[in-house]
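Here the protein sequences line up with chains A and B, keeping their order. So in our numbering, spot 263 of the first sequence is number 565, and the numbers just go up one at a time. So in our numbering, spot 443 of the second sequence is number 745, and the numbers just go up one at a time.
Just so you know, these hints were derived from the structure itself, not from any lab. Keep in mind that a hint or two might mislead.
Copies of the same chain are indistinguishable here, so a pair counts whether it falls within one copy or spans any two.
Said to hold, decoys possible - The calculated lysine-lysine pairs, modelled on BS3-like cross-linking and capped at a C-alpha distance of 30 Å, are:
{"no.": "1", "residue 1": "489", "residue 2": "688"}
{"no.": "2", "residue 1": "338", "residue 2": "587"}
{"no.": "3", "residue 1": "489", "residue 2": "338"}
{"no.": "4", "residue 1": "565", "residue 2": "338"}
{"no.": "5", "residue 1": "334", "residue 2": "600"}
{"no.": "6", "residue 1": "707", "residue 2": "374"}
{"no.": "7", "residue 1": "600", "residue 2": "626"}
{"no.": "8", "residue 1": "626", "residue 2": "489"}
{"no.": "9", "residue 1": "589", "residue 2": "334"}
Keep in mind it's a predicted model, so treat the numbers as computed, not measured.
Protein chains: 2
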Amino acid sequence: MNELAITLDMESGVYLYEQIYQYIKNEIVEGKLSSKERLPSTRALAEHLQIARSTVELAYEQLVSEGYIEAKPYKGYFICPVGELYHLKKEQSVKREEIKKENSYLFDLSPNGIEMKAFPFSTWRRISKNVLAEHQKDIFEPGHPKGDFEFRDTICRYVYSFRGVNCEPEQIIIGAGNDYLLVLLGKILGEHQRVAMENPTYKRAYRIFSSAGYEMSTMPIDKNGMSMEHLRNSQANIAYIMPSHQFPTGVVMPIGRRMELLKWAEEAENRYLIEDDYDSEFRYKGKPIQALQAWDKKEKVIYMGTFSKSIAPAIRVSFMVLPKPLLEQYERNAGFLSSTVSRIDQAILNEFIGAGHYERYLNKMRKIYRTKHDCLLECLRPFKNKFHISGENAGLHIILTSREKGTSEEQLANTAEDAGIKVYGMSNYFVEEKDAKDEYAKILLGYASLSEEEIRNALLILQKIWL
Amino acid sequence: MNELAITLDMESGVYLYEQIYQYIKNEIVEGKLSSKERLPSTRALAEHLQIARSTVELAYEQLVSEGYIEAKPYKGYFICPVGELYHLKKEQSVKREEIKKENSYLFDLSPNGIEMKAFPFSTWRRISKNVLAEHQKDIFEPGHPKGDFEFRDTICRYVYSFRGVNCEPEQIIIGAGNDYLLVLLGKILGEHQRVAMENPTYKRAYRIFSSAGYEMSTMPIDKNGMSMEHLRNSQANIAYIMPSHQFPTGVVMPIGRRMELLKWAEEAENRYLIEDDYDSEFRYKGKPIQALQAWDKKEKVIYMGTFSKSIAPAIRVSFMVLPKPLLEQYERNAGFLSSTVSRIDQAILNEFIGAGHYERYLNKMRKIYRTKHDCLLECLRPFKNKFHISGENAGLHIILTSREKGTSEEQLANTAEDAGIKVYGMSNYFVEEKDAKDEYAKILLGYASLSEEEIRNALLILQKIWL
Chain A
303 MNELAITLDM
313 ESGVYLYEQI
323 YQYIKNEIVE
333 GKLSSKERLP
343 STRALAEHLQ
353 IARSTVELAY
363 EQLVSEGYIE
373 AKPYKGYFIC
383 PVGELYHLKK
393 EQSVKREEIK
403 KENSYLFDLS
413 PNGIEMKAFP
423 FSTWRRISKN
433 VLAEHQKDIF
443 EPGHPKGDFE
453 FRDTICRYVY
463 SFRGVNCEPE
473 QIIIGAGNDY
483 LLVLLGKILG
493 EHQRVAMENP
503 TYKRAYRIFS
513 SAGYEMSTMP
523 IDKNGMSMEH
533 LRNSQANIAY
543 IMPSHQFPTG
553 VVMPIGRRME
563 LLKWAEEAEN
573 RYLIEDDYDS
583 EFRYKGKPIQ
593 ALQAWDKKEK
603 VIYMGTFSKS
613 IAPAIRVSFM
623 VLPKPLLEQY
633 ERNAGFLSST
643 VSRIDQAILN
653 EFIGAGHYER
663 YLNKMRKIYR
673 TKHDCLLECL
683 RPFKNKFHIS
693 GENAGLHIIL
703 TSREKGTSEE
713 QLANTAEDAG
723 IKVYGMSNYF
733 VEEKDAKDEY
743 AKILLGYASL
753 SEEEIRNALL
763 ILQKIWL
Chain B
303 MNELAITLDM
313 ESGVYLYEQI
323 YQYIKNEIVE
333 GKLSSKERLP
343 STRALAEHLQ
353 IARSTVELAY
363 EQLVSEGYIE
373 AKPYKGYFIC
383 PVGELYHLKK
393 EQSVKREEIK
403 KENSYLFDLS
413 PNGIEMKAFP
423 FSTWRRISKN
433 VLAEHQKDIF
443 EPGHPKGDFE
453 FRDTICRYVY
463 SFRGVNCEPE
473 QIIIGAGNDY
483 LLVLLGKILG
493 EHQRVAMENP
503 TYKRAYRIFS
513 SAGYEMSTMP
523 IDKNGMSMEH
533 LRNSQANIAY
543 IMPSHQFPTG
553 VVMPIGRRME
563 LLKWAEEAEN
573 RYLIEDDYDS
583 EFRYKGKPIQ
593 ALQAWDKKEK
603 VIYMGTFSKS
613 IAPAIRVSFM
623 VLPKPLLEQY
633 ERNAGFLSST
643 VSRIDQAILN
653 EFIGAGHYER
663 YLNKMRKIYR
673 TKHDCLLECL
683 RPFKNKFHIS
693 GENAGLHIIL
703 TSREKGTSEE
713 QLANTAEDAG
723 IKVYGMSNYF
733 VEEKDAKDEY
743 AKILLGYASL
753 SEEEIRNALL
763 ILQKIWL
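In isolation and in its complexed conformation, chain A is listed as follows (with noise of 0.2 Å):
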């Protein structure tokens, strides 16, 4: 063959090389040119169409680079057999499918809400631009895979004031969330670990535990925390806890049940308590508690803080503090993971909470929700004779227990949400529904992101539904 039926259109924007490759490559797609039929030359095509020789050049080089046609030395170009062609989907549908459910509460009192209004953006966005004003080049070079050393060292400074939580900065791992942490945490763990969670618990670690293969167990829950009868009668390495305030339950643990489970912890050498700090920040009694990770002397715990709950939930920085004997095993099984944070992410935080605006900004929530907190309660003063209060000492929700057994939790939520009010009932906090077993229904009231008259709207109403 020595010439192709090609229509070179000059005015139509598209490079002319590109032309010339379209119309054979479609020639191929659609069967037309067949395998191991010739080209014309390069030389006689740019004849024939009056154009650069180079330009057709182009277009075949194009060719080859895809493996539509080859050259053969001395020979040639040749169609390549390229097996069965299919056509490329010509059309993009992009459906705005995805499109958030309206919230459609008056009042949606979620223990998971957060307020954002205190949160000091003009310093977040100041340092924002000196991090990235100051650093050119090197904050876009790839970072430490535990995270960059300074950010490291910051936190490690952090935890020891505020939790007193002991370690170094080489035992700090920063991660995108915990979600993402406690998959990592698989990884590091490696395959046949049993884990003890508490029930009703944070369903999202069971179910990422789950989903590495562990075993799981579930411990009941008793007025100090984790059941240590069930634990010490089940075959779990590893124990899940909230000591500094249990979720759902509110539970903060005293210090006698901590020594317990770390006595449980060093009575074999595979044993490690896994302590998710994740709401420490936020206590209205006295100072706050100690991790237990503080009194950690034997290497068993594994701790983990977060900045998506005490700045934002949209801020995926958290990081996990793992005991000494763990390195090796994070080196071997994880290592070579590369850092999920951003190293300019990294760098605002760590000059956000080195600068003190994060303790500012904490001390300042702190106030903001004991404000709505101490509010909520005095709303609640007339139910006081229906429900049972509790877990108001810390989070940001605190607990109703219905004090007749006729009241369904169901119910409850129900006539709630009849009336324009989420709430959320504790059996969704159970591993399994139906491990909710409690005669006395139980709901969760979550403040922090209702301002004050909305608390007090949403109560009244719930007043008159409920009482």
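Add chain B to chain A, keeping to what the hints say.
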């Protein structure tokens, strides 16, 4: 007991309640106050210390909440049994042990380097500033687990225009880097997969899949990419490939092999192709070659792209396009995992791409890299007698293959290192070093992070020692 030998220091700046709390806590920790002992009443202690009763109450409350003492109605406060108590480690030694090893090379020809000098820092800063200014509260709120819709929509349009990838935003999952997305993909696909990878390959992906418990098979590479014969003879149901530019061999997979792979994938329901399109942006001859996914009519290709290579390694943003049939599996196995990318970063990149800055930046970088690439090729002219040059049409490194059997890769790398130049032997990229059986030594020369002058100087040295 009615008295405690507390000496309060009014000048210390430590709250009185905290001094009392600390004193009693220490007495308990040190065993001086023993279990079941009764504390003086708040009234008695307040009188004894000549301070307000509420101060003592606050101290007691803190001790109660931490579980050191308990309040018994009508009886008073009693020391709790706290088991064996551990002392807090007092010393906090923050050693700066992880000092970055200084790069002792004159020139490092790493194939993983990139050039950041041309990055539009000021544009990035401006966008960051605007994103933080325009969005206040909303951008700090929790985002969609897959990533924000707007950003996924932008990526969707981008990969369609530039790579021919057909998808809808719902198929896109944003994640903090390729490593994370591969870990996530492991969760989505679930257990018992057999993955075929080229050898040499991107070893980190190999390790991630291994650590997910997958059975791995390594396939030899012929001039068109992964050997189909070996793939067909393997038990693998997943093939991991880099069709636009295989790392590290630089092979660009021709259309014929792509079709064979698609055909293979269609032959069984659980077969998938993972297309890692990590550096498709940089191609120096003609136009970029369409992604394999563009030809996929039967939902068989899992497409992976990243901004860590094309913008900066420190930008931890990659994405994955799931075939529609895998979406349900995603929801079930991993849909509960929070996003790993901060919404601020998503919004910045969204604007950076959407406003055309990314395209302009890539065009600029393509020119810069092409200049370096051409410079390197020119410097390599004198090497042609002794080395074959390949992989020169795309990516950020080229490959030298010795024409003599006598020369070993180790020898070449060592003599270079002695002269202050770091080069990378091909054997480093085999899953196991022993797999590298090539008789002819192969060396990778990366040029992205060096200036033209540095390339010239480095190559002059190599010329002296290798030729």
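So, going through the hints one by one against the coordinates:
1. 489 with 688: Neither. Shortest intra-copy (48 Å) and inter-copy (46 Å) distances fail the 30 Å Cα cut-off.
2. 338 with 587: Between copies, since 24 Å is at most 30 Å while 84 Å is not.
3. 489 with 338: So residue 489 and residue 338 fail the 30 Å test inside a copy (51 Å) and across (45 Å) alike.
4. 565 with 338: between (77 Å within a copy, 21 Å between copies)
5. 334 with 600: Only across copies: residue 334 and residue 600 sit 24 Å apart there, 75 Å inside one copy, limit 30 Å.
6. 707 with 374: Intra 87 Å, inter 27 Å, cutoff 30 Å: inter-copy only.
7. 600 with 626: Answer is within; shortest intra-copy Cα gap is 10 Å, inter-copy 49 Å.
8. 626 with 489: both (16 Å within a copy, 28 Å between copies)
9. 589 with 334: Only across copies: residue 589 and residue 334 sit 23 Å apart there, 80 Å inside one copy, limit 30 Å.
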